[in-house]
Amino acid sequence: MLKMQKSTRKTVSTYALVIVAFVVVQGLAMSGNISATLRGQLVPICAYVVMAISLNLTVGVLGELSLGHASFMSVGAFSGVVACISLQNMIAFGPVRLVVGMVIGALCAGIAGFLIGVPVLRLNGDYLAIVTLAFGEIIKNLITCLCVGVDSRGLRFSFLTSADALKLEEGGRVIINGPMGIAGIPKLSTFTTGFVLVLVTLFIVMNLVKSRSGRAIMAIRDNRIAAESVGIPITKYKLMAFVTSAALAGAAGTLYAMNFSTIVATKFNFNTSILILVYVVLGGLGNIRGSVIAATVITILPEMLRGFNDYRMLVYAIVLIIVMLTTNNARFKTILSRLIPSKKATGEGRQP
Amino acid sequence: MSFLSHLISGISLGSIYAIIALGYTMVYGIAKMLNFAHGDVIMVGAYACFFIASRYELPVVLGVLVAMLVCTLLGVIIERLAYKPLRSASSLAVLITAIGMSYFLQNAAQLMWTSNPKVFRSVVGDKSLKLFGGQLSISAIAIVTVATCIVIMLGLTWFTGRTKMGKAMRACSEDKGAAQLMGINVNATISMTFAIGSALAAIAGVLLCSMYPTLMPTTGSMPGIKAFTAAVFGGIGSIPGAMLGGILLGIIEIFGKAYVSTQLSDAIVFVVLIVILLVKPAGLLGKQVQEKV
Numbered sequence: 001m002l003k004m005q006k007s008t009r010k011t012v013s014t015y016a017l018v019i020v021a022f023v024v025v026q027g028l029a030m031s032g033n034i035s036a037t038l039r040g041q042l043v044p045i046c047a048y049v050v051m052a053i054s055l056n057l058t059v060g061v062l063g064e065l066s067l068g069h070a071s072f073m074s075v076g077a078f079s080g081v082v083a084c085i086s087l088q089n090m091i092a093f094g095p096v097r098l099v100v101g102m103v104i105g106a107l108c109a110g111i112a113g114f115l116i117g118v119p120v121l122r123l124n125g126d127y128l129a130i131v132t133l134a135f136g137e138i139i140k141n142l143i144t145c146l147c148v149g150v151d152s153r154g155l156r157f158s159f160l161t162s163a164d165a166l167k168l169e170e171g172g173r174v175i176i177n178g179p180m181g182i183a184g185i186p187k188l189s190t191f192t193t194g195f196v197l198v199l200v201t202l203f204i205v206m207n208l209v210k211s212r213s214g215r216a217i218m219a220i221r222d223n224r225i226a227a228e229s230v231g232i233p234i235t236k237y238k239l240m241a242f243v244t245s246a247a248l249a250g251a252a253g254t255l256y257a258m259n260f261s262t263i264v265a266t267k268f269n270f271n272t273s274i275l276i277l278v279y280v281v282l283g284g285l286g287n288i289r290g291s292v293i294a295a296t297v298i299t300i301l302p303e304m305l306r307g308f309n310d311y312r313m314l315v316y317a318i319v320l321i322i323v324m325l326t327t328n329n330a331r332f333k334t335i336l337s338r339l340i341p342s343k344k345a346t347g348e349g350r351q352p
Numbered sequence: 353m354s355f356l357s358h359l360i361s362g363i364s365l366g367s368i369y370a371i372i373a374l375g376y377t378m379v380y381g382i383a384k385m386l387n388f389a390h391g392d393v394i395m396v397g398a399y400a401c402f403f404i405a406s407r408y409e410l411p412v413v414l415g416v417l418v419a420m421l422v423c424t425l426l427g428v429i430i431e432r433l434a435y436k437p438l439r440s441a442s443s444l445a446v447l448i449t450a451i452g453m454s455y456f457l458q459n460a461a462q463l464m465w466t467s468n469p470k471v472f473r474s475v476v477g478d479k480s481l482k483l484f485g486g487q488l489s490i491s492a493i494a495i496v497t498v499a500t501c502i503v504i505m506l507g508l509t510w511f512t513g514r515t516k517m518g519k520a521m522r523a524c525s526e527d528k529g530a531a532q533l534m535g536i537n538v539n540a541t542i543s544m545t546f547a548i549g550s551a552l553a554a555i556a557g558v559l560l561c562s563m564y565p566t567l568m569p570t571t572g573s574m575p576g577i578k579a580f581t582a583a584v585f586g587g588i589g590s591i592p593g594a595m596l597g598g599i600l601l602g603i604i605e606i607f608g609k610a611y612v613s614t615q616l617s618d619a620i621v622f623v624v625l626i627v628i629l630l631v632k633p634a635g636l637l638g639k640q641v642q643e644k645v
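Residue numbers (our numbering), protein chains in the order written: chain A, 1 to 352; chain B, 353 to 645.
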């Protein structure tokens with residue numbers, strides 16, 4: 001613990017933070033010291049933490065602004081839930097079924113990420129941002145028009161029609177019912193599975209960032225032309241980061257959906273993408289631990305602001321603006337660094 | 353005939369997108385930021401006009417003027433309070449602040465005016481022009497919208513091309529440092545841009561709600577996103593581009609609704625956008641800037 005490298009220390013402290021938080025919250029929940037609303041928030045918090053970490057890979061590490069991250073969550077949620085429901089008879093044990101669902105959700109979201117990434121990653125900056133926004137809207141629209149059912153012959157799909165067009169056999173079941181989404185989802189997600197997913201995500205992202213590929217990705221972020229000129233294949237590494245990010249978001253989507261009894265495609269809209277981006281920016285770009293903390297705090301924040309009643313969303317907006325102003329204003333920053341000189345000296349705060 | 357009437361409603365919807373897109377594109381051109389709160393300024397403008405014209409039954413012209421005044425003030429205040437302190441910060445920080453501003457406006461509107469939809473009375477009534485023996489009817493609001501759009505377009509072209517302030521704006525969007533050296537007050541120019549963009553947003557809000565008469569605190573957000581798309585479509589930072597992008601987007605949306613599927617019309621709009629951006633990465637009329645090594 002004493003003679004570790006700074007980066008190693010940071011990694012260990014991030015894992016420790018998550019594990020300690022889990023143990024404390026689990027302990028409080030066991031002894032009944034957590035309010036019912038907060039208990040309902042535990043799985044969504046885990047899902048949002050995973051979303052924030054994965055988006056940080058695209059925005060912070062790769063340096064490309066994505067405004068459609070919720071669409072990968074949506075793909076993961078719908079494919080994962082379809083997998084879980086249709087495998088009901090084959091795999092009886094709930095947690096295993098959830099893991100299979102998450103893997104399928106991650107795969108589908110990863111494939112979607114690949115298909116979107118190939119054309120999109122040729123663009124740069126704001127244009128890339130608007131195209132990810134557009135893809136998010138397209139995926140939301142497509143899922144709204146999709147019907148999926150399952151019967152003895154397997155999965156049945158129909159598009160732009162009602163669920164009757166599926167022509168299900170006797171005993172079949174409609175899973176996705178167009179704009180109505182999925183109803184009657186078995187509640188398989190637990191806080192423990194959410195916690196495990198957070199750990200797996202941390203492991204994947206932190207190792208990727210520290211690997212040779214991670215360094216290549218960061219080189220592209222810092223200077224694309226310089227990176228290209230030393231022989232880094234830009235598209236390959238951009239795609240690697242983008243697809244990993246999408247797949248993790250897919251797994252988070254499955255986790256999220258399996259916590260509720262119904263889920264609709266419009267839940268994963270532009271606002272959700274923006275919300276996740278807010279976690280990433282407030283936590284610090286490229287700072288994984290920051291994302292974890294920001295996602296947790298901001299998800300609980302409206303709950304903590306309950307005392308303000310009707311004003312809580314307004315207060316939330318004001319807090320968001322004030323935090324952005326105080327952390328990014330040059331004049332305020334110098335005042336802050338004079339007050340807390342140690343913060344600058346040890347290089348804490350945000351990772352470059 | 354139905355083709356013609358779809359075309360006309362597409363052009364008039366597109367004109368509204370174009371007016372909103374002008375606000376986005378001017379602010380982007382000069383401040384290099386995506387002003388996400390722009391869509392909500394539209395909503396505030398529509399509410400202002402609603403209260404003057406529908407609630408207190410004062411003349412419509414007064415309603416439009418008050419809406420423009422309110423939005424201009426709002427735009428300048430937002431810029432001063434939220435964006436000006438972040439002039440030197442990263443663009444992502446400004447983006448998040450703009451999103452915070454958008455949440456703030458939406459929630460403030462919800463508290464003040466509740467989320468119940470209000471029925472907005474059209475500013476020109478429901479008269480319509482009948483052509484070809486009544487086969488083709490063009491609503492008055494469509495004509496007014498297209499006319500307003502053309503007037504605004506001509507006015508802005510004259511303003512940016514001929515007036516001193518307009519030239520200052522173009523100079524600032526090209527190079528802020530050099531503009532300052534030439535004695536241009538950069539801060540005042542940016543405030544002016546926000547003022548013009550927000551006044552246009554007020555007009556767009558009134559026209560939008562005259563066409564689709566439900567008014568809610570979230571009314572502005574989807575047209576805002578679409579207009580932003582239109583601005584990118586035409587080449588962000590370019591005024592004629594915003595116009596062209598807005599009108600094309602409106603036509604595509606209405607045709608998609610009429611001939612393909614109402615549920616998929618948004619998806620069609622965005623697919624066209626992606627295809628255009630892949631072929632012309634800087635938008636239809638955008639300048640392709642070569643990267644210096």
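Among the hints, a few may not be true.
What the hints assert, rightly or not - For lysine-lysine, the following DSSO-like pairs were computed, each having C-alpha atoms within a straight-line distance of at most 30 Å:
1) A/Lys236 with B/Lys632
2) A/Lys333 with B/Lys436
3) A/Lys267 with B/Lys609
4) A/Lys187 with A/Lys267
5) B/Lys384 with B/Lys436
6) A/Lys333 with B/Lys384
7) B/Lys639 with A/Lys236
8) A/Lys167 with B/Lys609
9) B/Lys479 with B/Lys609
10) B/Lys479 with A/Lys333
11) B/Lys609 with B/Lys384
Honestly, the hints are just simulated from the structure, not real lab data.
Tested hints:
Distance check on the hinted pair: A/Lys236 and B/Lys632 sit about 23 Å apart at the alpha-carbon level, within 30 Å; holds. Taken as a hint, the A/Lys333 and B/Lys436 pair is honoured in the structure, with Cα atoms around 15 Å apart against an allowance of 30 Å. For the hint pairing A/Lys267 with B/Lys609, the CA-to-CA distance comes to about 23 Å; that is within 30 Å, so the pair holds. Proposed proximity of A/Lys187 and A/Lys267 is supported: the alpha carbons are some 18 Å apart, at most 30 Å.
About 12 Å separates the Cα atoms of B/Lys384 and B/Lys436, which keeps this hinted pair within 30 Å; it holds. At roughly 22 Å between alpha-carbon atoms, A/Lys333 and B/Lys384 fall within 30 Å of each other, so this suggested pair holds. Note on B/Lys639 and A/Lys236: the hinted pairing holds, with a Cα-Cα distance of about 28 Å set against a maximum of 30 Å. For the proposed pair A/Lys167 and B/Lys609, the alpha carbon gap of about 27 Å is at most 30 Å, so the pair holds.
At roughly 24 Å between alpha-carbon atoms, B/Lys479 and B/Lys609 fall within 30 Å of each other, so this suggested pair holds. This hinted pair does not check out: B/Lys479 and A/Lys333 have alpha carbons roughly 58 Å apart, beyond 30 Å. Our distance criterion of 30 Å between C-alpha atoms is broken by B/Lys609 and B/Lys384, whose separation comes to about 34 Å.
Hints 10, 11, counting from the list given before, are not met by this structure.
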